[in-house]
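Engineer: Got two chains here, separate frames each, mind docking them using the hints?
Chains as they are written, first to last, in numbering that gives the first Met the number 0: chain A, 0 to 355; chain B, 0 to 542.
No lab work stands behind these hints, which were simulated from the structure alone. Predicted model, so just to flag it, every value in this text is computed and none were measured. Treat the hints with caution; some may be incorrect.
For the chain A half of the interface with chain B, some residues (derived, Cβ under 7 Å), not all of them [as the list claims (entries may be wrong)]: (1) Val-39; (2) Arg-197; (3) Leu-200; (4) Leu-203; (5) Ser-204; (6) Arg-213; (7) Gly-216.
Chain B is nowhere near these chain A residues, computed Cβ spacing over 12 Å in every case [stated by the list, open to error]: (8) Asp-93; (9) Gly-98; (10) Leu-145; (11) Thr-169; (12) Val-260; (13) Ile-303; (14) Pro-322.
Glycine residues also receive a C-beta, built at the ideal position from the N, C-alpha and C atoms.
Letter by letter, the chains look like this.
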Amino acid sequence: MIHPGARTAAARPPGTLLRRGLLGGVIAVGLVVLGIFPLVVTDPTATSIAFFTVVFMGAVSAWNIFSGYSGYLALGHAVFFGSGGYAVALAARDWHVSGGWAVFGLLPFGGLIAAAVAIPFGLIALRTRRHTFVVVTIAIFFIFQLAAFNLGFTGGTSGIQLPFAPFSPTTYNNPFYYVAAIILVLTVILSWAVRRSRFGLQLLSIRDDEDRARGLGVHTRRVKLAAFMISAFPVGMLGGLYFYFIGQIFPQYAYDPLFDVSLALMGFLGGIGTISGPLLGALVLESLQQYFTQKFSANGLYLIIYGVLFLAVILILPGGVVPGVAGLVRRWRVRTQRQSAEAADAAPRGVAGAIP
Amino acid sequence: MSALLSVQGVCKAFGGVQALQACELEVHEGQINGLIGPNGSGKTTLFNVITGYERIQQGSVAFNGTEITNAPPDRVFALGIGRTFQLTRIFGRLTVLENMLIATQRRESWLRSLVRRAGSSAERRRAMELLEFVGIARLAGEPAGTLSFGQRKLLELASLLVADPSVLLLDEPAGGVNPTLIGHLADRIAELNRAGKTFLIVEHNMEFVMGLCHRVTVLNQGSMLVSGSPEEVRTNPAVLDAYLGGAGDGGGARDGGGARAGGATREPAPPAREPAPPAREPGPPAREPAAAPAPAAAPALLTLRGVYAGYGGGDILKDVTIDVPEGGITCIVGPNGAGKSTMLAAISGLLRVRRGEIAFAGRRISGRSPREILDLGIALVPQVHSLFPDMTVRENVEMGAFTIDDRALVRKRLAAVEELYPIVRERAGERAGSLSGGQQRLVEFARCLMLEPNLIILDEPSMGLDPHTREIVFEMVTLMNRQGRTILLVEQNARAGLRLSTHGVVLENGMVRLTGSGRDVLEHPEIGALYLGGAVTADAAVP
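If we strip away everything but chain B, and leave its shape as in the complex, we get (with noise of 0.2 Å):
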């Protein structure tokens, strides 16, 4: 069977990231293809070049025997390839029907355009049905940027229809969708395929994917690294190391696969580390030193109880209670859509606390400003890079005293981040744009040191970095926590971020699932099972 979409060696990078390494993938005509992989491995990024979005300088893409490598959104759409977008991307201020007579398959000159009607009867008619079966076609009235999240992914989905692609490419189609809205979501994408469309679909939601589709592909790191059933996918131990970031990089991770049998009850085997039982203090090896002290022994420097928080209508945050002790290193793990970054946000102010409390040494903290929260000594180093990349870096270093109006202060906290970050000195006058991802992600740190806080937040500092860097990055995460500051970490390299830490959190659904010390929450049997999907039982509480 010959593919009716495929990708052959495609690489894309983004400044220091390589986003595509290589990347090979194949669509067959008639199929339910799901593509999966951890964060940053490079999907939305494969169907923007796929959708001619972004343009590539190796690599092709081929649809049913025409090459479309480079072509530009308007050409791969008549072509027959319609996607939709991971933030859902509607007309606002268009109706729901006008949204859905926009798309167009027809070279037709503007003056012909002009003088048409917009939307026929007939194809007023076929936007009717397709809202009706989509299930929103009472709202074909309504201005578009009205509707909920879950209806607005419907009708990114029902507008690509009306000009009958042969190929849809959904971007997390089910993501931040209510349980309900999903399973509709569901039927009507077997419907579809059934009446002979073809699917790619990007998707977290592993019962979705796993449920839906022919067939799945492993994204990591930028390549391919498995396709196949849903059932050898799930059961492929190389699949859970991407997701679980197990020996540090995609080739080990492939050379262990093989070997081991069950990929949720191993222990993790980087090479130069020791693997150790769970109960013992482990001997810190060379560049471990901070591996799980007896959890019980700090008091708390933040603590959350109960808390409640989300965007728009729904919570995302449901009765959260965490405890973060003092001069520890805690985790925070999950599956993408769990409430990390939330709960990041929450804690350091951006969004509001609808119930309970944060408290950080003692003081009330929900409900202040995050310039407050900052100044209780509080860092967070966001997710994306969030340097100025047309200042230089020590201009973005002292960017993080800037709230201190004493120079000689200044002066000499940047001497001692100069002296823990010798990059800061050395280069001191480029543009911090310059910098690879990873040495952005340190000068990052090295700003939020200037502050001196007591309490620092690291939002996924390892992601899209390659291993090397990683390691760094997280020496540096060490260093930091021995020089006395508290830290907490969320990770999606589970595995790394739990052997370096005290503590470990589960976050599954806005819920916590487990808690317990970094290595008791990595060698519990149930967390492959929350990162793969299939049945996580409800009182699985490390005690």
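One chain only, chain A, in its complex shape (with noise of 0.2 Å):
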């Protein structure tokens, strides 16, 4: 009398094994692309393109972490990534840390600053919800992009200039690859981690009702912190990365509106909650933003075509798409399950038809 979704439920095992295959399949072409890339492909744009596009696929998938699995949809994620890398810069410059790998070594210094900056940051912002959420967000990064021009240590206007980097002017490009993507490589452990522990089912219950969680016991105040700093982590790694190779650092780069609606953006195209949402969305959007950016200049035109494909994958696939195609190959193993399912009852309805 209360088994109605035993239809569905029963045909999973023979799926799993094909499906873990399949995932295994993609996963370590993935790495060996990411691995041998800029070995493959030497030139100088292209390996810069696969750079910028590496450090958007981390940071994404770290603000996934925070809103994907919450539901909280932070737009302030520009402030760990500028935190992190006035960190580097700052540490770099007043420790004396000359150009070179040594640089790297700063970089988990500009995740924890990252880090730090989360806690007051979502002490604040966490106490409200949804919409309010956002707009707090929003405002405690002018606050931040603010602080940057008019404080002193921030070098105001002028910015900061990060050591210069000896690497062979050919391969330039390739450290910073490498290093942005072992950055990504465990961004996207963590996530995996997350969205498997416990920690990570307090944070979807969140998602999914915040009221019935707190009542189910989950501290949820400490729960959404914590997973805005590990969200912060990666983020201001990265944004150290990603000035140490721009050479320099200025407010209105370091505190970039873009860039959290960037993140948002790539989060919703691929789908966010996911693992490998976020990693398609950062993927598709941001190689094609650097292509089209090198290619016609600033002429603003590929504005357009970013725009149209992204109007095109919401309308279509309004949870994103790796979402989207989930639901898609869900509905069709159902319908094909269920006419195999029809295929045998009617064939030997003298044997087993009799069972109501």
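Structural biologist: Rendered as structure tokens:
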């Protein structure tokens, strides 16, 4: 009497093995491509596009650990990106770190500063929910931007120079690329670990119904704040790396509203709350954007294509590409199962058809 | 025996409405306690207060000797009080099994919870056992959002049990659940109780409550009315008064309670009102002008013929046939969940009619959009307050005419409405949200009059109002009726509603049980049984 769902649940096991194999294959191919890309494609323009793309893939994945899992749409992660950048720039300058590999060693420090910034940020912003939360994150973002313009130690509008990296000009991008790739891989592993942990399940329960989660003993405040910090850490590291690559840091680039919006757009395009969605979204949007910028310089034509692509995806697959495609596959599978079940029902009617 | 959970002197107000008024409640260990009361009597609010979802300024809540007044929900749960929600709340995008792994009474750091996999194998086994126990184990891998309503209720209950709370607060566990599943649910509750769990259950299904509970507490207008064994409660006339809205207020009901024996056949005996024998044309007392002219005379303005409608899978209305005579007041009564609000939604076009036909002034309206139906002259004042709280009173009333372009006409109508409802002029510039519940109700009436509708549908206009305000609201209903508007009224306060109506309809389980003149229905012997459970014969229609 209470099992109408039996039909869909029954035929699951045969699919899982295939799916695991497929998933393993995709991960292996992805890792290989990530690993050999700058060795195969040596054109500096292409490797710099690859670098920016990998940075954004990591940043969106990190953003997704908070916003995707908890459902709180944060539009202030540029604060972590910029703060990580400033932390690395200031540390390199004040601690006289010379250019080269040593600066990469400062990146975890940039991440820590970003995570530390996330504490007061989160304590204030996470008192609110939904639209208010979005607005508060934007407001706090602008406070940081304003502070960076006006505080003495940031160098104001003239910014801070980062040490020059003495890498070979032909493969100059490669060290940056590989460090970004390592951070990306670690962030994805972190995202996966969060997703399967108790902590992650609590985050997801907050996304679905925060009040009920509290009623089941979830310490929602603490969980949200911790996720906010975890999410800030890789973004801070990537910020340090990004500005080291650029060579200098200014307030308007460190705290860039477009960065906030990009993370959200990429996340939504791929599908927030999934592990692969943010990767896909950043891969497509950032590489396209960089490509168009390089090719058509700054005439803004790419924005039209960008917009059309985005609208098309949102209209056709409103939940993002990954959840949307997964849904289509699921529906297709249920339908074929039902068809085959009906076919099986129809054939040996005399034998097993009598079971009501 | 000391109480495991005790509530003392709790008061809680929302805007102008006093939801709880010096409310008392005791839950004894190892018992199944029922909490019943008419709509708006404060049951869910009391749950919210106990579990920390609503803060109180007055009163106290204690559990096991510990004061837990205004403790946050996670702490209340950690102490061992779990609750379900009236509108079942599950985590729709998580799987059924994942839903079972969330509840925790542990205090562990987030760092530890980050490295621990969600659900150890022992926890998963336990979760599966509990899913087996409630009977939905085979759905463990499905997204919880795909479950049926009844399955969600079972999941919600099971997901609490994971953390092994000692007290379970269930808010309408049987509401909207099919009868077979209700039986299953009752068995599970009884079994858990034998294993030592204490229950506090809010429920409108009286058979369920009376059959299951050791002790039943009745709330009325935010206070405890009586508490006792199911038998005591069932035979206490004050309880029936509370459900039927007897003598006007709680105190009066209590006074009247001792003197009379059987609730069901009692005459309504409010002070200043004349108890009339059934057949007679009642001589209208001072404030009761509309009561019961002969029902057969007027032609039907609105007719429902064999209407089926519902949400999701099931039909809530089953073969409903009703005539609403022109120029009269027709009152629909029935226990909670009878389908009253569903019927109004079907009439106003908000809900699609699956079978049957609804016609208004000879034209078929089922299948039309709410906007078209409004344009035909049917106005609905919904159950919950529907004013725009941040707009002024006058703006709210003007919104009622926003489909009319003719400014002069709007001004004329506004003047007429202000004539009838002086409050619209007196409080014109104030925020509508600052008015009391009763005042808001009047402004809502005023707003619906801006379209000069032929038929006004009122969904529980007296809900949450104190007796005096209720009188005023009912007077306005009669007044609007005397000005020529046909009124269709749904009322929880059955006595008061039927008394002012020319026609009465009793709905139960989505079917019409009784029809007749307001007074005939009011005095029908079956009506008490309808509200408080017990046998109702299917052929109980008044000729």
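Engineer: Look at each hint and say if it fits the structure.
Structural biologist: Going through the hints against the structure:
Checking Val-39 (chain A) against chain B: minimum C-beta separation of about 37 Å lies over 7 Å; hint violated. With a cut of 7 Å, the hint placing Arg-197 (chain A) at the interface with chain B holds, because the nearest CB-to-CB distance is about 4 Å. The interface hint given for Leu-200 (chain A) is met, as the beta carbon of that residue sits about 4 Å from the closest beta carbon of chain B, less than 7 Å. For Leu-203 (chain A), the interface hint holds, the least distance from its beta-carbon to any beta-carbon of chain B being 6 Å, beneath 7 Å.
At its closest, the beta carbon of Ser-204 (chain A) sits 5 Å from a beta carbon of chain B; the interface hint therefore holds under the 7 Å criterion. Because the closest C-beta pair between Arg-213 (chain A) and chain B is about 4 Å apart, less than 7 Å, the hint holds. This hint holds: Gly-216 (chain A) has a C-beta 4 Å from the nearest C-beta of chain B, less than the 7 Å allowed. With a least beta-carbon separation of about 31 Å from chain B, Asp-93 (chain A) lies farther than 12 Å from that chain, consistent with its non-interface assignment.
No beta-carbon of chain B comes within 12 Å of the beta-carbon of Gly-98 (chain A); the shortest separation is about 36 Å. Distance to chain B confirms Leu-145 (chain A) as a non-interface residue, since its nearest Cβ pair spans about 32 Å, more than 12 Å. Interface exclusion of Thr-169 (chain A) from chain B stands, the closest Cβ pair being 42 Å apart, more than 12 Å. Non-interface status of Val-260 (chain A) relative to chain B is upheld: no Cβ of that chain comes within 12 Å, the nearest being about 25 Å off.
Once the 12 Å rule is applied to beta carbons, Ile-303 (chain A) is consistent with being away from chain B; the minimum gap is 34 Å. The non-interface label for Pro-322 (chain A) is inconsistent with chain B: the shortest C-beta to C-beta separation is roughly 10 Å, within 12 Å.
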